[in-house]
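Taking the hints into account, I'd like the entire structure generated from these sequences.
Numbering (our numbering), first residue to last: 23 to 349.
Don't read these hints as lab results, they were simulated from the structure. Hints are all accurate, no fakes.
FRET-style restraints, in silico, Cβ to Cβ:
1. G39 / V110: 16 to 24 Å
2. G242 / S173: 20 to 28 Å
3. A65 / T192: 39 to 47 Å
Only pairs whose alpha carbons sit at most 30 Å apart, straight line, appear in this in silico DSS-like list of lysine-lysine:
4. K149 / K309
5. K309 / K69
6. K149 / K69
Given the structure is predicted, the values throughout are model-derived calculations rather than measurements. Quick reminder that beta carbons are idealized off the backbone N, C-alpha and C, glycines included.
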Amino acid sequence: MTNSRASYEVPRITEGGRVGPVDSSLVPRFCGPATFARLPTLAEIDKTDVAVLGVPFDSGVSYRPGARFGPSAIREASRLLRPYNPAVDVSPFAALQVADAGDVALNPFNINEAIETLEGASGVFAKDNTKLVCIGGDHTIALPLLRSVASVHGPVALLHFDAHLDTWDTYFGAEYTHGTPFRRAVEEGIVDTEALAHVGTRGPLYGKKDLEDDRRFGFGIYTSADVFRRGVDEIVDALRDRIGNRPLYVSIDIDVLDPAHAPGTGTPEAGGMTSRELLEILRGLRKLNLVGADVVEVAPAYDHAEITSVAASHLAYEFISWYAGNA
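Written out as structure tokens, the structure is:
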């Protein structure tokens, strides 16, 4: 008897000439490829406008490890995403060709080498004018991603959603960690110091000097209490005024959300934003010139019921919708 393998073509939604997600009316969501939103891989298409890139790296963490498993958890949670985003009236997978670019393999024992590898890998997309949504991974990865977009656009505006400032100098003498990327970015001149902001910060600091250094670097701060007291619309207006028409990079540490909305992360802080507030802020900013984005610090070992990875998958989907709305 001759063995043979039956070929099986996964039925996909094709709209606007773009290859989209697996058709959930024909293939149950718990089946099929484990790509982000069940989108095609880069190998399945000729060219992509937006790539979802996984960065399973957490060698820069200072407390709980586990964010190296974030990309696979976010992809799994993204199975329930659908092709039309009614909040912003856009079908992102029809407006743009979106694909899953897989994971970048980084050396987990050498942070400097890992940063160089990611800078090179993400730089290929930047030079090809392919927009990235990166799913991490710990916040160390933001530095090489900023380097790659700055190599094309020059110093970029930065919106940083996080419970923490991430502008500390060193940990245990190490310059490259998940708590230092934005200090290094300012020092390297790859961010526009006239258009920097933290959103959602809260919790104890090492000392008042942390805030003084942060102001010296050019950051404005909108705490989670500011979001609560002033409201989403006022915060959105303030951020729009601060950013203007500049090329914009947005970096989201999932711990910007309260632990009730994102328990699966490495350094949780009480008193955070809700997932609804964060999604509405992103939607309010959607006309700004987004050139790069990441969602990081999802550590699924501390999650339950996929609460954190579901939130992260929706944030990544909003970034893709943002790109599509500006196409």
